[in-house]
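Note that the sequence shown covers residues 1 to 117 in UniProt numbering.
It should be emphasised that the hints constitute simulated quantities derived from the structure, not laboratory data.
Note that the structure is predicted; figures quoted are calculated from it, not measured.
One or more hints might be untrue.
Said to hold, decoys possible - Simulated pairs of lysine-lysine, DSS-like, Cα-Cα distance not exceeding 27 angstroms:
hint, residue 1, residue 2
1, LYS110, LYS53
2, LYS110, LYS65
3, LYS65, LYS53
Stated by the list, open to error - Label pairs and their in silico Cβ distance ranges:
hint, residue 1, residue 2, range
4, PRO106, ALA2, 37 to 45 angstroms
5, PRO48, LYS116, 43 to 51 angstroms
6, GLN101, ASN3, 19 to 27 angstroms
7, GLN101, LEU16, 33 to 41 angstroms
8, PRO83, SER33, 38 to 46 angstroms
Beta carbons: idealized from backbone N, C-alpha and C, even for Gly.
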Amino acid sequence: AANASVVSCDIAAVPLPDRSVNVAVFCLALMGSNFVDFLSEAHRMLRPRGILKIAEVSSRIEDTKAWDALLYALGFDQVECDPSNSHFVLYEYIKSSRPPQSELPPAQLKACIYKKR
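With the hints as extra help, turn the sequences into a complete structure.
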């Protein structure tokens, strides 16, 4: 990284201990094909009852029931979903006391739709 205080890392394998953070934030950051690994890593790093915040392009989450099922299976309980913005949806989850499921439901995020300007 260009700045010594910034640690370059793979978001699916962050060099922090288990249960070491209170909040994890994904702001337009679930762009990798392995985005489920990113969310699993957030679960690993979050302390019990830690907060997960996600801001995502609305058009990427086509099946909200499947999205909700995935986050539940990963060990998160939804606190809030704010779809009031025409382009983005904001989610807040809390890390549940139940462990993540070993078999996860299928998950898909659509490609972003860009408007030519």
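Hints, verified against the model:
1. LYS110 <-> LYS53: holds, 19 angstroms
2. LYS110 <-> LYS65: holds, 15 angstroms
3. LYS65 <-> LYS53: holds, 18 angstroms
4. PRO106 <-> ALA2: 37 to 45 angstroms: holds, 38 angstroms
5. PRO48 <-> LYS116: 43 to 51 angstroms: Cβ of PRO48 to Cβ of LYS116: about 46 angstroms, so the range 43 to 51 angstroms holds.
6. GLN101 <-> ASN3: 19 to 27 angstroms: Roughly 38 angstroms apart at Cβ, these two residues miss the hinted range, so it is violated.
7. GLN101 <-> LEU16: 33 to 41 angstroms: violated, 23 angstroms
8. PRO83 <-> SER33: 38 to 46 angstroms: With a Cβ separation near 25 angstroms, PRO83 and SER33 fall outside 38 to 46 angstroms, so the hint is violated.
The structure fails to meet hints 6, 7 and 8 from the earlier list, while all remaining hints are met.
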